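Novice: Here's the letter readout for the chains.
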Amino acid sequence: MIQNMENDTREREILGSDIPVGQNIATITGSVKMRTLDLNVFYGKAHAIKNVSIEIADRQVTALMGPSGCGKSTFLRALNRMHDLTPAARVTGVVKLDNEDLYGSSVDVVRLRQRVGMVFQRPNPFPKSIFENVAYGLRVQGGYSQSEIREIVERSLQGAALWDEVKDRLTHSALSLSGGQQQRLCIARALAVEPEVILMDEPASALDPIATLKIEELIDQLKERYTIAIVTHNLQQAGRVSQYTGFFLTGNLIEFAPTREIFSRPADKRTEDFITGRFG
Amino acid sequence: MSSIAQRARLSAPASDPRAVRRARARLWDRAMTGVLWGLAAGLAALLAAMLIYLVARGIGVINWQFLTSEANGGDGAALFNTFYIIALALLICIPLAVGAAIYLVEYAKQGPFVTAVRFATETLAGIPSIILGLFGFLVFVTEFGTGTRFGVSRLAGALTLVILNLPLLLRVSEDALRSVPNDLREASAAVGASRFQTVWRVMLPTALPAVTTGIILTAGKMIGETAALIFTSGGNSPAVGWFSLNPFTVGDTLTVHLYELQAEGVIRNAVQIANGTATLLILLLLVFNLGIRGLASLLNRRLAGRRS
Chain F
290 MIQNMENDTR EREILGSDIP VGQNIATITG SVKMRTLDLN VFYGKAHAIK NVSIEIADRQ
350 VTALMGPSGC GKSTFLRALN RMHDLTPAAR VTGVVKLDNE DLYGSSVDVV RLRQRVGMVF
410 QRPNPFPKSI FENVAYGLRV QGGYSQSEIR EIVERSLQGA ALWDEVKDRL THSALSLSGG
470 QQQRLCIARA LAVEPEVILM DEPASALDPI ATLKIEELID QLKERYTIAI VTHNLQQAGR
530 VSQYTGFFLT GNLIEFAPTR EIFSRPADKR TEDFITGRFG
Chain Y
467 MSSIAQRARL SAPASDPRAV RRARARLWDR AMTGVLWGLA AGLAALLAAM LIYLVARGIG
527 VINWQFLTSE ANGGDGAALF NTFYIIALAL LICIPLAVGA AIYLVEYAKQ GPFVTAVRFA
587 TETLAGIPSI ILGLFGFLVF VTEFGTGTRF GVSRLAGALT LVILNLPLLL RVSEDALRSV
647 PNDLREASAA VGASRFQTVW RVMLPTALPA VTTGIILTAG KMIGETAALI FTSGGNSPAV
707 GWFSLNPFTV GDTLTVHLYE LQAEGVIRNA VQIANGTATL LILLLLVFNL GIRGLASLLN
767 RRLAGRRS
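As they're listed, the protein sequences go chains F and Y.
When you line the first sequence up against the numbering used here, it's residues 290 to 569, in that order.
When you line the second sequence up against the numbering used here, it's residues 467 to 774, in that order.
Only chain F is shown next, with the shape it has when bound in the complex (with noise of 0.2 Å):
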């Protein structure tokens, strides 16, 4: 549900902040593992993010939801600094990971984005064995001894549902396997640095149904250890996948609610168009 808060003082005691705070701010109930407050992101001109404040809960997954074109991945890549990548876009706002401010500027970017990983769209495995994609996080690092690291592939593999495929084949070139393989692959390879948060950015929008139905499964398993974030334009993965949806529009968040909620009453005229499919 979006709240007005009324007292800001209490706001800024609670979130630690010294900005001012949000007027509309997506809440749940539970932990909450992430919150946005007042984020804008801006790609030059163009005002992308308007003032979206969110919660994301622990341990759950929540879907964002929305047409092509309203801001949901840029709001995704906000989470994880992925827009530093980028020259011309600018973040404005506070992202808090278990209340740390990310866009501190006492904040280690590469230890961040091995807390919160990240799943894209389309498969991008390296061009390497299977072995050495999913070791790619740890040899990075640094510090991991090989049979470490062979320990942790073998339990990100399992952990994406791909070892039983792969585990002849560990040296082959990644980029045999077949999209939906891949794209789990990709998966183990975020799963290997043992992040807190997931974020997905319309991962199975490049498969084919049955790849896409084990990426909805292997989701619903991962959300027991892992926060997950998804975006989707597939109205009907949102409603089977998670347990909070949030709708945007033209970068703003128009509503956030439990999944159930959403999509058997949504509050909001626009959110309602969109799930009766009158645009979209």
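Read the hints as simulated data drawn from the structure, not as lab findings.
Be a bit skeptical, because a hint or two may be false.
[Unchecked claim] Label-pair ranges, simulated between beta-carbon atoms:
#1 Glu483(F) <-> Leu764(Y): 36 to 46 Å
#2 Leu517(Y) <-> Lys456(F): 49 to 59 Å
#3 Gly431(F) <-> Phe549(Y): 19 to 29 Å
#4 Leu764(Y) <-> Asn388(F): 52 to 62 Å
#5 Lys334(F) <-> Thr678(Y): 37 to 47 Å
#6 Lys334(F) <-> Glu588(Y): 47 to 57 Å
#7 Leu764(Y) <-> Asp453(F): 27 to 37 Å
#8 Arg444(F) <-> Ser660(Y): 23 to 33 Å
#9 Ser660(Y) <-> His336(F): 27 to 37 Å
#10 Phe585(Y) <-> Arg428(F): 34 to 44 Å
#11 Ser645(Y) <-> Ala377(F): 20 to 30 Å
[To be verified] Here are some, though not all, of the chain Y residues that point toward chain F, as calculated from beta-carbon distances under 7 Å:
#12 Ala655
#13 Ala656
#14 Gly658
#15 Ser660
#16 Thr672
#17 Pro675
Here the structure is a predicted model, which is why all the values come from computation and not from measurement.
We put the beta carbon where it would ideally sit given N, CA and C, even for glycine.
For chain F, the structure is supplied; the task is to place chain Y on it using the hints.
Specialist: Frame of chain F; chain Y shown alone:
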């Protein structure tokens, strides 16, 4: 016959104007195909004729002794010097070019500096090699050379070659790095790699096949360099023992040797040796070019055919 029935027939009477036009178009098409084919074949034949003529003149001269020794004006020294200077030049050129390419692609902000660098390299690429040879002579041989062991030397020649070929290798390396898909960069960053780690562990290895092809291309180009080397590295090699690895010794390459034989040949069978040298050069270049094609297709296959 009605006009519909007329059009329905595939072969019309000769008097039908549309049929005549169609026939003329067919004839023209065949004629032009023939002309273009003839041009291509003529070009290939010309090239083949040139090569056969040159190779035939000199092939008789080539034998093991010719290739390995200096006696009787053998080409052994020149052959070794060619490889030596190219190796030395590449040793210096590759880190410079690849490093600069990495900087331009990954680190530099698009702006006046990058534009200036690009303009400078493109201008450099257009400078005639004789001018760069003179530059090398003035700077490496004369300025740095007075009073030191420098002077006319293979090192000076190698350095001049570096200047000559840096723009090409830089451009190839840059293109290779740019062609690495951006989603790999993102994937690496998303898993917690620093920018340098991304470059070193993902971008460079992925761009390596294209960069390697570029290096071999540059090496092939260097085989033919003459003007840049005449004043900087070459003169008649003194008897230093041709396996010498000392970069400060004088050493003429195959092309410079050929020039000298032709221009100043004082040994008895200068013409013969010149022919042999020319043949050797052509064969070397042929081998190189075939090698590049083979290597490029091998590397592309190794990359599972997904990128490039």
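Novice: Taking the hints in turn, state whether each one holds.
Specialist: How the hints compare with the structure:
1. A hinted range of 36 to 46 Å for the beta carbons of Glu483(F) and Leu764(Y) is consistent with their spacing of about 39 Å.
2. Taking 49 to 59 Å as the suggested C-beta distance range, the pair Leu517(Y) and Lys456(F) conforms, at roughly 55 Å.
3. In this structure, Gly431(F) and Phe549(Y) break the distance hint of 19 to 29 Å, their C-beta atoms being roughly 40 Å apart.
4. Between Leu764(Y) and Asn388(F) the Cβ separation comes to about 54 Å, which falls inside the hinted range of 52 to 62 Å.
5. At roughly 43 Å, the beta-carbon separation of Lys334(F) and Thr678(Y) lies within the given 37 to 47 Å, and the hint holds.
6. Taking the beta carbon of each, Lys334(F) and Glu588(Y) are about 33 Å apart, not inside 47 to 57 Å as hinted.
7. Evaluation of the 27 to 37 Å hint for Leu764(Y) and Asp453(F) yields a pass: the beta carbon distance comes to about 33 Å.
8. Checked against the given bound of 23 to 33 Å, the beta carbons of Arg444(F) and Ser660(Y), roughly 25 Å apart, stay inside it.
9. The hint said 27 to 37 Å for the Cβ distance between Ser660(Y) and His336(F), and at roughly 31 Å that hint holds.
10. Under the hint 34 to 44 Å, the C-beta atoms of Phe585(Y) and Arg428(F), about 39 Å apart, fit the expected range.
11. In this structure, Ser645(Y) and Ala377(F) meet the distance hint of 20 to 30 Å, their C-beta atoms being roughly 22 Å apart.
12. For Ala655(Y), the shortest C-beta to C-beta distance to chain F is roughly 6 Å, which falls under 7 Å, so the interface hint holds.
13. Against a cut-off of 7 Å between C-beta atoms, the interface hint on Ala656(Y) holds, since the closest Cβ of chain F lies about 4 Å away.
14. The interface hint given for Gly658(Y) holds, since its Cβ lies 4 Å from the closest Cβ of chain F, which is under the 7 Å cut-off.
15. Below 7 Å, beta-carbon pairs count as interface contacts, and Ser660(Y) has one with chain F at about 6 Å; its hint therefore holds.
16. Below 7 Å, beta-carbon pairs count as interface contacts, and Thr672(Y) has one with chain F at about 6 Å; its hint therefore holds.
17. Annotation: interface hint on Pro675(Y) violated; nearest CB of chain F at approximately 10 Å, more than 7 Å.
The structure fails hints 3, 6 and 17 (numbered hints given earlier, in ascending order).
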